[in-house]
Amino acid sequence: DQQVKQNSPSLSVQEGRISILNCDYTNSMFDYFLWYKKYPAEGPTFLISISSIKDKNEDGRFTVFLNKSAKHLSLHIVPSQPGDSAVYFCAASTTSGTYKYIFGTGTRLKVLA
Amino acid sequence: EPEVTQTPSHQVTQMGQEVILRCVPISNHLYFYWYRQILGQKVEFLVSFYNNEISEKSEIFDDQFSVERPDGSNFTLKIRSTKLEDSAMYFCASSRLQGFGQPQHFGDGTRLSIL
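Just so you know, the protein sequences line up as chains H and F, in that order. Residues 1 to 113 in this note's numbering are what the first sequence lists, from first letter to last. Residues 1001 to 1115 in this note's numbering are what the second sequence lists, from first letter to last.
One or more hints might be untrue.
Derived, one-sided and incomplete: chain F residues facing chain H with beta-carbon distance under 8 Å [unchecked claim]: (1) Pro1103; (2) Phe1106; (3) Gly1107.
Computed list of lysine to aspartate or glutamate pairs in DMTMM-like fashion (alpha-carbon distance at most 25 Å, straight line) [unchecked claim]: (4) Lys37/H with Glu58/H; (5) Lys1042/F with Asp84/H; (6) Lys1042/F with Asp1062/F; (7) Lys37/H with Glu1003/F; (8) Lys5/H with Glu1044/F; (9) Lys1042/F with Glu1056/F; (10) Lys56/H with Asp24/H; (11) Lys1083/F with Glu58/H; (12) Lys5/H with Asp24/H; (13) Lys71/H with Glu1044/F; (14) Lys37/H with Asp1071/F; (15) Lys5/H with Glu1085/F; (16) Lys1042/F with Asp31/H; (17) Lys1078/F with Glu42/H; (18) Lys37/H with Glu1044/F; (19) Lys5/H with Glu1056/F.
Hints listed in this document are in silico derivations from the structure and should not be mistaken for laboratory results. In this text, a Cβ means the ideal position worked out from N, Cα and C, and glycines have one as well.
Please work from the sequences and hints to get the whole structure.
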């Protein structure tokens, strides 16, 4: 079941630069997308979400972009900070009937000081 | 900020034994979930629970699994007869409502090790 894919297992970025994390999905019924951050020995922490009626949502340093025609979303972190180093998961859901989240495999971001 | 809390943080159990994983969801949340993550794999949905009933369960959630909300605060996952392949990190999550703008909030997980 590969409905949500994060093709980059890891990413290294210099402090202060932009981090771009990507996520692709295959199920056109998904209409709610989320990004979670996970530190070791902790649970996923909600970062930001977007519904399918929008193509961009911004919260401070974090912006999520959604391209429905390409079934692609991305998370931009600007500027990146060393504390952003973590594993980032994208998740997708349908808001009609079922609200379970389908997660990607995660991208490990390392922000270098 | 309110949190989802899970106990224990690590549970070691002999194969075939019953195990109960405990969760205290955020107090005003109405929807509860269990997910698991086998080492090196994705976080996978197990079950959702609302109004004292299972709303949805995955194919992983077979007859060996059960969930319960025994009182107003706890939400438990029971595995009756554990198997080696049940070894995983189990995450509890809760949300106040469902839908846009109502993200699920996760606990720090229970690492279950089956020997």
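Tested hints:
{"no.": "1", "hint": "Pro1103", "in the structure": "holds (4 Å)"}
{"no.": "2", "hint": "Phe1106", "in the structure": "holds (4 Å)"}
{"no.": "3", "hint": "Gly1107", "in the structure": "holds (5 Å)"}
{"no.": "4", "hint": "Lys37/H with Glu58/H", "in the structure": "holds (16 Å)"}
{"no.": "5", "hint": "Lys1042/F with Asp84/H", "in the structure": "holds (21 Å)"}
{"no.": "6", "hint": "Lys1042/F with Asp1062/F", "in the structure": "holds (19 Å)"}
{"no.": "7", "hint": "Lys37/H with Glu1003/F", "in the structure": "holds (15 Å)"}
{"no.": "8", "hint": "Lys5/H with Glu1044/F", "in the structure": "holds (13 Å)"}
{"no.": "9", "hint": "Lys1042/F with Glu1056/F", "in the structure": "holds (19 Å)"}
{"no.": "10", "hint": "Lys56/H with Asp24/H", "in the structure": "holds (16 Å)"}
{"no.": "11", "hint": "Lys1083/F with Glu58/H", "in the structure": "violated (44 Å)"}
{"no.": "12", "hint": "Lys5/H with Asp24/H", "in the structure": "holds (5 Å)"}
{"no.": "13", "hint": "Lys71/H with Glu1044/F", "in the structure": "holds (21 Å)"}
{"no.": "14", "hint": "Lys37/H with Asp1071/F", "in the structure": "violated (31 Å)"}
{"no.": "15", "hint": "Lys5/H with Glu1085/F", "in the structure": "holds (24 Å)"}
{"no.": "16", "hint": "Lys1042/F with Asp31/H", "in the structure": "holds (20 Å)"}
{"no.": "17", "hint": "Lys1078/F with Glu42/H", "in the structure": "holds (22 Å)"}
{"no.": "18", "hint": "Lys37/H with Glu1044/F", "in the structure": "holds (16 Å)"}
{"no.": "19", "hint": "Lys5/H with Glu1056/F", "in the structure": "holds (23 Å)"}
The structure shown violates the earlier hints numbered 11 and 14.
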